[in-house]
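Let the sequences and hints guide you as you build the complete structure.
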Amino acid sequence: MLDLKALEKEIDELIAKDTPEDMLAWLNKEKMEEFAGFLEDGTVERLGGDSESSFINPVTACKPHNKDPFVSASKNYDYGRAA
Amino acid sequence: MGVGYYFWDDQEDAIRWGNDFKKRTGKFDVYEAAIDCSNVLDTVFNENEYRFWLKQIERVGKNWLVKTGKKIDLKQMNNYFRDRGVWKGVDGILFQDLPTNQDYLLVIGFYYRKKLQLVVYNNQIILSFSHYQNYECPQ
Numbered sequence: 056m057l058d059l060k061a062l063e064k065e066i067d068e069l070i071a072k073d074t075p076e077d078m079l080a081w082l083n084k085e086k087m088e089e090f091a092g093f094l095e096d097g098t099v100e101r102l103g104g105d106s107e108s109s110f111i112n113p114v115t116a117c118k119p120h121n122k123d124p125f126v127s128a129s130k131n132y133d134y135g136r137a138a
Numbered sequence: 002m003g004v005g006y007y008f009w010d011d012q013e014d015a016i017r018w019g020n021d022f023k024k025r026t027g028k029f030d031v032y033e034a035a036i037d038c039s040n041v042l043d044t045v046f047n048e049n050e051y052r053f054w055l056k057q058i059e060r061v062g063k064n065w066l067v068k069t070g071k072k073i074d075l076k077q078m079n080n081y082f083r084d085r086g087v088w089k090g091v092d093g094i095l096f097q098d099l100p101t102n103q104d105y106l107l108v109i110g111f112y113y114r115k116k117l118q119l120v121v122y123n124n125q126i127i128l129s130f131s132h133y134q135n136y137e138c139p140q
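Protein chains in written order, with my numbering: chain A, 56 to 138; chain B, 2 to 140.
The hints are simulated quantities; they were obtained by calculation from the structure and are not laboratory data.
Heads up, a few of these hints could be off.
As the list claims (entries may be wrong) - Pairs of lysine-lysine residues, derived as DSS-like cross-links and limited to a Cα-Cα distance of at most 25 Å, are as follows:
no., chain 1, residue 1, chain 2, residue 2
1, B, Lys72, A, Lys72
2, B, Lys71, A, Lys86
3, B, Lys89, A, Lys60
Claimed, not checked - So the derived list for chain B, only partly shown, Cβ under 10 Å to chain A, looks like this:
no., residue
4, Asn40
5, Leu42
6, Asn49
7, Phe53
8, Gln57
9, Trp65
10, Ile73
11, Lys76
12, Gln77
13, Arg85
14, Gly90
15, Val91
16, Asp92
17, Lys115
We put the beta carbon where it would ideally sit given N, CA and C, even for glycine.
In structure tokens form, the structure reads like this:
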């Protein structure tokens, strides 16, 4: 049997403890990790070697999957081609 | 609902899911499991736990909105809980979504049938797991 009061207390503490800066830093890290996952699974690819500043191939990035942040880019790209 | 082991409550939903999402291979297997739900949050049949869950999700969502001006999505919320070590004692969550395919319903536009899923975060509560049957997707 779950102790709902204890679970609620955990949420109380989370809300009280996290500052906006903590939260935004966490969100930024989360998005970077998700993007790294896209690179890893081939959803997007780098051009020009392994440098951190390598350009992300926008065509490849636009092609597959309904994953953020490329959904809108994909639509624009397809529209541009059709036009 | 984040990283976990997902189970359909109803065999019918497992088969439909297989038929819809395993078209490329054309076949799939269904397994059955016995799961200890004593530390599972039941947001479907337990009114108290559903109202509790709703309140907590809205509190966290509102906290994000007020403090940062941003809404987070479902995956982010689950990962946020995980990274902050919140609700580690919850072994799983029983939840529902609504069927959107009219073909599976007998009354047009009336989504009366719940699709129940259990996400298990702690695999120790899976007491048994065995092959049930293999299926081929209809052509």
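Structure-based check of each hint:
no.	hint	in the structure
1	B/Lys72 - A/Lys72	holds, 19 Å
2	B/Lys71 - A/Lys86	holds, 13 Å
3	B/Lys89 - A/Lys60	holds, 14 Å
4	Asn40	holds, 6 Å
5	Leu42	holds, 6 Å
6	Asn49	holds, 7 Å
7	Phe53	holds, 5 Å
8	Gln57	holds, 5 Å
9	Trp65	holds, 7 Å
10	Ile73	holds, 7 Å
11	Lys76	holds, 8 Å
12	Gln77	holds, 6 Å
13	Arg85	holds, 6 Å
14	Gly90	holds, 7 Å
15	Val91	holds, 7 Å
16	Asp92	holds, 9 Å
17	Lys115	violated, 21 Å
The structure shown violates just one earlier hint, number 17.
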